[in-house]
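> Sequence:
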Amino acid sequence: GLQRGLEASHNRGLKASHNIHLPFDRPGQSNTSGDARKPQLFFLFLVYVKINNEAVWDRFFASAVRGVDYQALVHCKSEASCRANIRSMHRFEIIPSVETQYCYNLVSGTNALLAAALARTGQGTPHDKYIIVSDSTLPVQPFASMHRHFTANDGSDFCIFPRNEWAEITEQFHDGTIRMTAGVKHHQWVVLSREHAAKAVRKIGTHQDLMQRFQLNMGMKNTGCLDEFWYFTVLYGSLNLTGRPSTFHLGNFNGGPLKTMLHETQGRCDTFVHWVPRASGHNNNLTQLSKVLIADPGTEMTTATEKRPASISRMSQAALLEMRKSPFFFVRKVNDDCDFSGCESLAEAFDSLVFSATSRPLAGLATNWRGEGKWLDNKNNPVAIWGAEGSISLAGIAPSMRAKGSYCRSRITVVFVNGYRAKATLTVNGQQLIWHNGVIWKKTTGKSA
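In terms of the working numbering, the sequence shown opens at residue 15 and continues consecutively.
Don't take every hint at face value.
[Stated by the list, open to error] So the derived label-pair ranges between C-beta atoms look like this:
#, residue 1, residue 2, range
1, Ala76, Ala412, 46 to 52 Å
2, Arg423, Gly251, 56 to 62 Å
3, Gly265, Asn382, 49 to 55 Å
[Unchecked claim] Using 27 Å as the maximum straight-line C-alpha spacing, the simulated DSSO-like pairs for lysine-lysine come out as follows:
#, residue 1, residue 2
4, Lys273, Lys213
5, Lys235, Lys213
6, Lys437, Lys456
7, Lys339, Lys393
These aren't lab readings, by the way, just hints derived from the structure by calculation.
Given the structure is predicted, the values throughout are model-derived calculations rather than measurements.
The C-beta atom is built at its ideal place from N, Cα and C for all residues, glycine as well.
Could you put the whole structure together from the sequences, leaning on the hints where they help?
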């Protein structure tokens with residue numbers, strides 16, 4: 015299943031209850047008094063010991079008012095570590111940690127976040143939204159655009175895995191009836207409406223046996239973790255596939271209807287992640303952005319595997335602009351201290367390219383790298399180097415002499431196709447490239463083709 019970023023913790027747990035009456039959602043109580051209030055976005059961070067690239071989130075929240083436009087709550091595996099690591103306590107509120115277990119029960123942490131958020135809203139509004147994010151997630155739209163989009167309706171967003179990833183079982187009942195049942199698998203980073211958030215909290219303690227019921231990770235085709243099935247199941251139930259129904263129309267399910275024969279992602283995917291085709295499909299918003307990022311010389315992203323999605327350790331100006339114009343609102347998994355291809359910090363780049371009302375291209379990236387052109391390596395083999403907008407690519411005769419990376423003024427950092435990392439400095443006269451291991455390349459006449 016997808017990476018959770020949490021393991022077992024041994025802190026206080028939520029008490030299981032099948033019939034919880036909450037002060038923010040009493041049965042039979044109208045919500046009309048809250049309808050005139052401005053809807054809020056509740057960012058619910060499920061983290062290990064910190065929020066990666068916190069400075070980027072700082073820039074994102076700078077244009078909004080905490081307690082009016084948004085609230086940001088954090089659940090940590092290690093609460094003490096979070097209190098030491100998270101710097102912007104004026105933006106984030108750390109809630110008491112509850113007991114969680116990787117794969118088997120991370121919903122305890124997300125439900126603790128939902129309960130804490132609902133308790134802080136009073137009556138709230140029907141258009142409040144509860145956004146579950148990981149410690150490796152970053153926003154890729156301005157706050158105002160995000161607020162306007164999410165509060166425009168009272169539905170929930172689920173990014174549904176392709177049909178081949180759903181868990182399917184045959185169930186036999188006491189009367190002899192046999193039913194084909196499917197558990198719908200979804201990315202755990204959901205966006206819930208207020209109604210659905212309250213319902214999920216009321217269901218705390220139920221459906222804890224989903225992994226056993228759907229025989230997950232038992233050597234059969236059904237794989238996944240509790241948080242990839244639990245929210246859809248408690249809100250919509252499992253699907254009865256007897257008779258081979260093709261379409262399910264679900265209440266307040268954005269991006270519907272849900273189709274049982276579609277081997278692509280469905281619903282509404284708000285968070286980009288690069289996954290293998292089995293889990294991401296073959297032709298959709300996820301795969302299209304993945305192709306762009308893989309081809310971008312200024313973006314460094316690991317290869318996705320059957321067990322883990324790709325992680326991003328460097329982004330370029332081109333990548334950030336592509337993310338902003340994409341339909342996604344978040345991107346993961348972004349490594350902590352992720353680099354930017356250029357001289358600016360990642361937070362500065364996000365501020366100019368992503369969070370401003372109109373993207374402001376970075377002035378320092380307006381010209382091509384001055385060392386661009388044809389070179390001879392230390393074995394007198396020709397190498398072509400291209401450099402633009404902070405990104406750089408290098409191509410020699412041998413396939414192993416291909417690399418991509420970034421530049422800042424006279425310095426370049428590249429990763430070759432075999433994974434070898436290297437740094438070099440361009441001399442003042444632009445005629446030599448001196449690598450970190452002492453190897454010297456020499457410039458030849460003429461521009462690269």
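> Hint by hint, say whether it matches the structure.
Hints, one by one, checked against the model:
1. Here the CB-CB span from alanine 76 to alanine 412 is close to 48 Å, well matched to the stated 46 to 52 Å.
2. Between arginine 423 and glycine 251 the beta carbon distance is about 59 Å. The supplied range of 56 to 62 Å therefore holds.
3. A hinted range of 49 to 55 Å holds for the C-beta pair glycine 265 and asparagine 382, which are about 54 Å apart.
4. Between the alpha carbons of lysine 273 and lysine 213 the distance comes to roughly 24 Å, so the proposed pair stays at or under 27 Å and holds.
5. The suggested pairing of lysine 235 with lysine 213 is violated, with an alpha-carbon distance near 30 Å, which exceeds 27 Å.
6. Among the hinted pairs, lysine 437 with lysine 456 is consistent with the structure: their alpha-carbon atoms are about 16 Å apart, no more than 27 Å.
7. At roughly 44 Å between alpha-carbon atoms, lysine 339 and lysine 393 are farther apart than 27 Å, so this suggested pair is violated.
Against the hints set out earlier in the document, violations occur for numbers 5 and 7.
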